[in-house]
Amino acid sequence: MDTTLDFTTVQTILESNAEKVEGLIESYVDKKEQLISLLQDVQAEFNYIPKDVLVRISQKLDIPLSQVFSVATFFQAFSLKPRGRHTITVCLGTACHVRGGQRLVDKIERDYGLKPGETTEDERFTLETANCLGCCALGPVVVIDGKYEGQVNPEKLDKILKKYE
Amino acid sequence: MVEEVRKLLDKRLRSIKDLEKLRQSILDSKDTGRMTISVCGGTGCRAAGAEAVVDAFAEEIERRELQVKVNFKETGCHGFCERGPIVVIGPDKIFYQRVQPDDVPEIVTETVLKGDIIKRLLYIDPATNKEVAYESDVTFYKKQTRLILGSNGEIDPTDIEQYIAANGYSALSKALTQMSPEKIVNEITNSGLRGRGGGGFPTGRKWQSCRAVSSDTKYVICNADEGDPGAYQDRSILEGNPHSVIEGMIIGAYSIGSHQGYIYVRNEYPLAVEHTRLALEQAEDYGFLGENILGSGFDFKVTINKGGGAFVCGESSALIASLEGKIGEPKAKYIHMSEKGLWDKPSL
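Protein sequence lines correspond, in order, to chains S and D. Be aware that the first sequence starts at 8, since it is given in the numbering used here, and climbs by one per residue. Be aware that the second sequence starts at 20, since it is given in the numbering used here, and climbs by one per residue.
No lab work stands behind these hints, which were simulated from the structure alone. Incorrect hints may appear among the rest.
Stated by the list, open to error - Computed cross-link-like contacts, EDC-like style, restricted to lysine to aspartate or glutamate with a CA-CA straight-line distance of at most 20 Å:
hint	chain 1	residue 1	chain 2	residue 2
1	D	Lys-320	S	Glu-40
2	D	Lys-36	D	Glu-303
3	S	Lys-38	D	Glu-343
4	D	Lys-36	D	Asp-47
5	S	Lys-154	D	Glu-101
6	S	Lys-38	D	Asp-363
7	S	Lys-39	D	Asp-363
8	D	Lys-345	S	Asp-69
9	D	Lys-359	D	Glu-334
10	S	Lys-154	D	Glu-343
11	D	Lys-345	S	Asp-37
12	D	Lys-350	S	Glu-40
13	D	Lys-162	D	Glu-180
14	D	Lys-345	S	Glu-40
15	D	Lys-345	S	Asp-152
16	S	Lys-170	S	Asp-118
17	S	Lys-154	D	Glu-293
18	S	Lys-38	D	Glu-300
19	S	Lys-39	D	Asp-175
20	S	Lys-163	S	Asp-152
21	D	Lys-359	S	Asp-152
22	D	Lys-92	D	Glu-180
To be verified - Derived coverage of chain D by chain S (criterion: at least 3 residues anywhere in the stretch with Cβ under 8 Å from a Cβ of chain S; other residues may be distant):
hint	segment
23	73 to 87
24	333 to 343
We put the CB at the ideal spot given by N, CA and C, even for glycine.
Generate coordinates for the entire structure from the input sequences, incorporating the hints supplied.
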């Protein structure tokens, strides 16, 4: 990653979302240790973590950029790339895995050319996997934009995904 | 009546007496003879469509103006996710499974108002092929004795007053007024309570060693970064009865001399996060958290941290690293966390 401070890009993000970004970071000024929460909030706001915001966090909270970057890339929940309009989360926890969760991931890869963590070119879907969502009885479980779908098979998945444009 | 007492107390409870007064007024305002409808609102049942069932009940009750007659609540996880959405009709605890919104008017007419059982919604015991009408007769529940999750089907986790009415926070008031920190630690040691994480470390010994370290700052950490598939006791308790966790943390904090606690919960459990957050807000409003808890002079705060989706963060040193805002990688432990944990301070 380019670690030099590129003020022109920082400028563009600040132009369109200045208050939001500054406000978010501002609320964490005395709470450096809650970096993970801050990144979660940023991601909730923008759907991903823009590089410029990472830089701004580092400047404002006085945390080395290397540390911000390492946290943002270590945890599965964070994405540094823009994500699709709809997020598909396929559970691959043990129970869902045994019940065929992987087949759903394979199907999505076949149909949409998506691997876990990737986004379709038209930004329609982002595919993610999770390790146990806590409702194994309904496995395999797929969550689309926060809506849980239980006992999903490839055929059912096809029908569900068609509803999301 | 409850409203009056609440107003009088300005919500924040300042003493044990205030708490008992509030508890009594809540209990007095409850008509114990009312029919109860309890719909499971845990993650499993929600995924199976429980929210639509909850809405249907709310609508039906309003349409027939049964608000006074029926005590309707959405509770935490009942445990039998495979047969969800689950609806239990009290006081006899008639057990309905796989309930759909269309079934709701019939349940209200037949079961709630007339007391008749609707056979089609009953659970069929796979061993005997017979219908089972009552929750206690379902084989899944039959041999269970629920201690920690016992109140899950009984209380609405988003309402602190239901927890108070079920004797909640009475252990805290006892601990703060009738017991010294040493006595609490002894009690925990004598109870034989052990950690639930697999190692089974004796809880009393942990509390004792954390208490013995002299330090201005100590932390209480609740590890709810549960990764074991298919178990989710952490999820169930934070979703269904978050105040019991908070109450336990306050007692632990009081006995070791800590003023700051953390609950580290997985972000994959959005409902547990939401209910915990709500419970913390309510506990603070009512004076169970913050400064001078119940007039005892003891201060304690709890912050919620959401995990970032890394399985390894359930391990204590990795969890602590991630609480400190670093990447959640475990490191070798040469000293117990109870002596040197979060920010190198003693941590429970």
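Against the structure, the hints come out as follows:
| no. | hint | verdict |
| --- | --- | --- |
| 1 | D:Lys-320 - S:Glu-40 | 16 Å, holds |
| 2 | D:Lys-36 - D:Glu-303 | 18 Å, holds |
| 3 | S:Lys-38 - D:Glu-343 | 10 Å, holds |
| 4 | D:Lys-36 - D:Asp-47 | 16 Å, holds |
| 5 | S:Lys-154 - D:Glu-101 | 18 Å, holds |
| 6 | S:Lys-38 - D:Asp-363 | 17 Å, holds |
| 7 | S:Lys-39 - D:Asp-363 | 16 Å, holds |
| 8 | D:Lys-345 - S:Asp-69 | 14 Å, holds |
| 9 | D:Lys-359 - D:Glu-334 | 15 Å, holds |
| 10 | S:Lys-154 - D:Glu-343 | 32 Å, violated |
| 11 | D:Lys-345 - S:Asp-37 | 16 Å, holds |
| 12 | D:Lys-350 - S:Glu-40 | 18 Å, holds |
| 13 | D:Lys-162 - D:Glu-180 | 30 Å, violated |
| 14 | D:Lys-345 - S:Glu-40 | 8 Å, holds |
| 15 | D:Lys-345 - S:Asp-152 | 28 Å, violated |
| 16 | S:Lys-170 - S:Asp-118 | 15 Å, holds |
| 17 | S:Lys-154 - D:Glu-293 | 16 Å, holds |
| 18 | S:Lys-38 - D:Glu-300 | 19 Å, holds |
| 19 | S:Lys-39 - D:Asp-175 | 35 Å, violated |
| 20 | S:Lys-163 - S:Asp-152 | 17 Å, holds |
| 21 | D:Lys-359 - S:Asp-152 | 41 Å, violated |
| 22 | D:Lys-92 - D:Glu-180 | 13 Å, holds |
| 23 | 73 to 87 | violated (count 0) |
| 24 | 333 to 343 | holds (count 3) |
Hint compliance for this structure: hints 10, 13, 15, 19, 21, 23 are not met, and every other hint is.
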